[in-house]
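Colleague: If you want the building blocks of each chain, they are given just below.
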Amino acid sequence: QQQVKQSPQSLIVQKGGISIINCAYENTAFDYFPWYQQFPGKGPALLIAIRPDVSEKKEGRFTISFNKSAKQFSLHIMDSQPGDSATYFCAARTRGAGSYQLTFGKGTKLSVIP
Amino acid sequence: ETGVTQTPRHLVMGMTNKKSLKCEQHLGHNAMYWYKQSAKKPLELMFVYSLEERVENNSVPSRFSPECPNSSHLFLHLHTLQPEDSALYLCASSQPAGPRGTGELFFGEGSRLTVL
Chain A
96 QQQVKQSPQS LIVQKGGISI INCAYENTAF DYFPWYQQFP GKGPALLIAI RPDVSEKKEG
156 RFTISFNKSA KQFSLHIMDS QPGDSATYFC AARTRGAGSY QLTFGKGTKL SVIP
Chain B
242 ETGVTQTPRH LVMGMTNKKS LKCEQHLGHN AMYWYKQSAK KPLELMFVYS LEERVENNSV
302 PSRFSPECPN SSHLFLHLHT LQPEDSALYL CASSQPAGPR GTGELFFGEG SRLTVL
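Same order as they appear, the protein sequences are chains A and B.
So that you can map any letter, position 5 of the first sequence is 100 in the numbering used here, and since no number is skipped, the others follow by simple counting.
So that you can map any letter, position 95 of the second sequence is 336 in the numbering used here, and since no number is skipped, the others follow by simple counting.
Hint data in this document are derived by calculation from the structure and do not stem from the laboratory.
These numbers come from a predicted model, not from an experiment.
Some clues are possibly wrong.
For lysine-lysine, the following PhoX-like pairs were computed, each having C-alpha atoms within a straight-line distance of at most 25 Å [unchecked claim]:
no. : chain 1 : residue 1 : chain 2 : residue 2
1   : A       : K204      : A       : K152
2   : A       : K137      : A       : K163
3   : B       : K281      : A       : K100
4   : B       : K282      : A       : K100
5   : B       : K260      : A       : K201
6   : A       : K137      : B       : K281
7   : A       : K137      : B       : K282
8   : A       : K201      : A       : K137
9   : A       : K137      : B       : K263
10  : A       : K110      : A       : K166
All chains should be modelled from the sequences, with the hints used to inform the complete structure.
Modeller: Encoded structure:
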């Protein structure tokens with residue numbers, strides 16, 4: 096059972112365009128929604144994150160939009176650059192007694208072409 | 242340098258071998274994690290260790306055995322693996338869960354495992 100569904104699987108965007116990646120979740124116990132960016136040969140790294148009491152969060156060219164009632168959230172990359180080419184994972188968090196447990200989407204491979 | 246170091250970066254082993262993956266974190270965190278990353282699948286949480294708890298994903302086969310001797314080191318012992326276990330194994334660490342915790346996981350670069 097996949098608890099976080101991510102789409103599209105791959106995305107090709109022209110330089111300067113807007114990249115949009117969507118995620119949907121089912122578990123209402125999730126309390127934090129991060130996006131991770133992974134370059135080839137590297138581990139994932141936190142890009143931006145949002146709490147469910149906020150509808151939008153913006154950091155530079157990256158924006159998360161969050162719709163709690165629809166259980167959906169999305170990542171928007173404005174003015175996409177070739178350096179943004181990477182795989183992006185949405186995730187949703189539950190909190191254990193002493194740790195965090197992230198459930199990840201399958202990932203979106205973004206290619207930004209010049 | 243991510244603060245989370247994994248060795249070896251690449252490992253090729255036969256199905257009858259016994260090997261171990263090692264992870265070390267230099268961030269002062271006290272929760273550590275093993276994730277499995279396979280092509281076209283979500284990152285799969287395998288094990289979590291913190292001061293308060295150990296969490297296991299019940300779907301992980303017993304041929305994977307974790308060990309966490311202290312808050313800075315984490316091992317994944319491998320024995321009699323199958324070819325379908327070939328994947329990238331990622332270690333991560335985080336601050337303690339709590340009101341001020343951000344929930345950010347810091348990942349290592351992974352150990353690429355190939356089982357022949």
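Colleague: A separate judgement is required for each hint: does it hold in the structure or not?
Modeller: Hints, one by one, checked against the model:
For the hint pairing K204/A with K152/A, the CA-to-CA distance comes to about 22 Å; that is within 25 Å, so the pair holds. With a CA separation close to 32 Å, the supplied pair K137/A and K163/A exceeds the 25 Å bound. Restraint check: the Cα-Cα separation between K281/B and K100/A comes to about 12 Å, which is no more than 25 Å; the hinted pair holds. With a C-alpha separation of about 11 Å, the suggested pair K282/B and K100/A falls inside the 25 Å cut-off, and the hint holds.
The straight-line distance between the Cα atoms of K260/B and K201/A is roughly 28 Å, outside the 25 Å bound, and the hint therefore fails. Distance check on the hinted pair: K137/A and K281/B sit about 17 Å apart at the alpha-carbon level, within 25 Å; holds. For the given pair, K137/A sits about 17 Å from K282/B by alpha-carbon distance, which is consistent with the 25 Å threshold. With a CA separation close to 17 Å, the supplied pair K201/A and K137/A stays within the 25 Å bound.
A threshold of 25 Å between alpha carbons decides the hint, and for K137/A with K263/B the separation of about 16 Å falls inside it, so the pair holds. Between the alpha carbons of K110/A and K166/A the distance comes to roughly 30 Å, so the proposed pair goes past 25 Å and is violated.
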